[in-house]
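> Protein chains in written order, with my numbering: chain A, 1 to 200; chain B, 1 to 383.
Please note: incorrect hints may appear among the correct ones.
Taking lysine-lysine pairs in the DSS-like style, the calculated list, with each CA pair at most 30 Å apart, reads [to be verified]:
(1) K122/A with K267/B
(2) K288/B with K177/B
(3) K177/B with K122/A
To be clear about the criterion: a stretch of chain A counts as covered by chain B if any three or more of its residues have a C-beta under 8 Å from a C-beta of chain B, and this derived list gives those stretches [to be verified]:
(4) 42–49
(5) 77–88
If you are wondering where the hints come from, they were derived from the structure by calculation, not from laboratory data.
Bear in mind the structure is a predicted one, so any value in this text is a computation, not a measurement.
Just so it is clear, CB atoms sit at the ideal spot from N, CA and C, and this is done for glycine as well.
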Amino acid sequence: MAAVTGPEIERLIQLLARVPGLGPRSARRAALHLVKKREALLKPLADAMQIAHERIITCTTCGNIDTQNPCTLCGDPRRDDSLIVVVADVADLWALERAQVTTGRYHVLGGVLSALDGVGPKDLAIESLIQRIATGTIREVILALNATVDGQTTAHYITELLSTYTLTVTRLAHGVPVGGELDYLDEGTLHAAIRQRTAV
Amino acid sequence: MTESLQRLPFVRRLMLQDFRSYAQTSLDFEHRLIAFTGENGAGKTNLLEALSLFTPGRGLRRIELGDMARHGSSGGFSLSLSLDEPDGDSRRLGTGYEPAGSETPGRRCRIDGVSVPSASAFADHLRLVWLTPAFDGLFAGPAGDRRRFLDRLVLAVNPDHGGRVSALERALRSRNKLLEQDRPDDTWLDAIEREIAETGVAVAAARRETLGRLAGLILESRDDTSPFPWAQLALDGPIEAELATSPALDVEDSYRDWLRDSRWRDKAAGRTLIGPHASDLVVHHGPKGIEAHQASTGEQKALLIGLVLAHAQLLSTMAGIAPLILLDEVAAHLDPRRRQALFERLDQMGVQVFMTGADPSAFAKMPASAECWTVTPGTAERL
């Protein structure tokens with residue numbers, strides 16, 4: 001079939017299709033929309049992407065991405081220096097910040113341990129986490145990692161490494177969801193909920 | 001028996017698009033006993049497979065979804081079910097697959113036009129059990145086949161079981177991979193073994209619970225003269241045995257210790273030797289008191305059918321939804337007396353049953369409240 005558009009637009013479509021959440025059809029729709037709104041959207045977006053490309057850097061303290069180093073969160077004096085929330089990815093950090101559930105500092109590992117995918121401890125920001133903890137100001141580390149095999153293995157691994165330090169290591173609770181009824185929960189969830197019960 | 005079956009969903013219509021041998025087909029059902037007949041390769045089992053995809057997993061043939069699309073199609077397929085629910089409501093369940101490179105590649109699941117995260121969501125409306133000729137050698141075959149059969153039984157009762165079994169398999173593969181290294185990281189191994197112990201004990205506990213209930217139900221209603229002999233069931237595995245006497249948390253600890261102590265042995269073997277992934281389902285022919293694999297081919301088939309029917313009954317009691325039963329080539333090994341008894345039993349249960357068979361005469365004695373379909377490649381017509 002002959003190309004409907006020139007190579008420039010085709011390239012734009014192909015690049016947009018590589019963005020997570022966009023497939024070929026929606027990339028085509030997005031490209032068309034951008035071209036139609038050339039001045040109102042395409043130009044500002046191109047400028048914003050250019051600036052992002054030039055200025056965005058990875059925070060050398062926590063691994064977050066920002067335009068400054070240390071990042072806005074690491075530089076915020078109102079945050080709790082005695083608490084570190086460990087996450088696998090920047091997306092997880094953003095999710096926790098959206099929920100406004102913690103005022104602690106963050107540490108982004110850059111992934112989780114996966115023997116099958118060849119991701120080992122040296123591929124993750126574990127050494128830098130230990131260095132932050134070795135300063136002695138941290139009282140608690142919250143392991144906010146996914147409840148997957150690799151996420152939980154990573155949580156167990158870090159827990160073991162931190163066992164020599166005088167601090168509390170916690171991980172996110174698994175169990176009864178908000179609004180959940182016990183009668184409808186499977187045995188695995190009940191098992192986790194009992195194991196991680198809390199004093200009231 | 002009908003009293004114990006609480007909710008009886010009814011598939012009113014099945015629509016297939018680009019699925020296996022079907023370009024676009026719609027089948028409307030009016031009865032609960034349904035037989036598909038036709039020559040070998042006509043596409044009878046494809047219809048059962050389509051129904052089996054309304055449950056988590058890869059359906060009754062356990063094949064990649066991408067391989068189920070019709071040859072010559074775009075590589076994807078769509079299936080939809082119109083379901084009458086007991087409260088008078090009706091539901092539209094949809095599932096399908098879009099190939100790589102499409103807008104949303106992978107499996108899609110919908111209920112009443114609204115996307116749901118996975119096929120587990122169908123469990124609120126529909127449960128399924130099935131029996132295919134692939135199970136014919138179950139009792140004499142490898143333990144892995146019996147474990148998969150058991151996991152299928154557990155999954156029908158507990159839709160989360162599949163996720164836990166997959167997690168256990170991944171954790172075990174990770175451990176085996178680490179053990180391949182010359183000097184594996186001990187802390188990393190500790191972490192994986194902890195995960196294996198937690199997931200493994202949860203898997204073993206779920207199997208024990210379902211099997212215990214099933215065995216109890218079978219013993220309660222056992223009848224030595226039934227054409228479908230009752231089965232004596234047990235689980236053979238050290239984790240399961242320990243769960244019988246100790247709390248799950250203690251079993252987790254001892255399994256973890258065992259894993260740590262046996263690293264060198266497992267490294268030499270190239271796999272983790274002990275765990276729920278190595279357990280076996282032990283079945284005895286109840287009335288004869290012999291191991292199931294020692295019974296004749298026909299008796300083994302009858303034993304399996306009895307097991308599947310008992311499971312359907314258990315599912316009705318536990319989940320509150322009577323399952324659809326899919327019986328592929330069910331009449332093949334049964335004598336006329338057993339065949340007749342099967343139809344009567346299914347009719348009494350009141351569940352919706354989909355059967356296949358190459359020989360139409362095998363279904364000649366179905367009750368009046370049954371319907372027969374003739375299947376030819378790409379089409380199905382009600383007789």
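> Could you run down the list of hints and mark each one as holding or not?
A quick look at each hint next to the structure:
Of the supplied pair hints, the one linking K122/A and K267/B holds, its CA atoms being roughly 23 Å apart against a limit of 30 Å. Under the criterion of a C-alpha separation no larger than 30 Å, the hint pairing K288/B with K177/B is inconsistent with the structure, at around 45 Å. Taken as a hint, the K177/B and K122/A pair is honoured in the structure, with Cα atoms around 17 Å apart against an allowance of 30 Å. Using a Cβ-Cβ cut-off of 8 Å, 0 residues of the region 42–49 of chain A lie near chain B, which falls short of the minimum of three, so the contact claim is violated.
Counting residues of the region 77–88 of chain A whose CB lies closer than 8 Å to any CB of chain B gives 0, so the stated coverage by that chain is violated, three being the minimum.
Of the numbered hints stated above, those contradicted by the structure are hints 2, 4 and 5, listed in ascending order.
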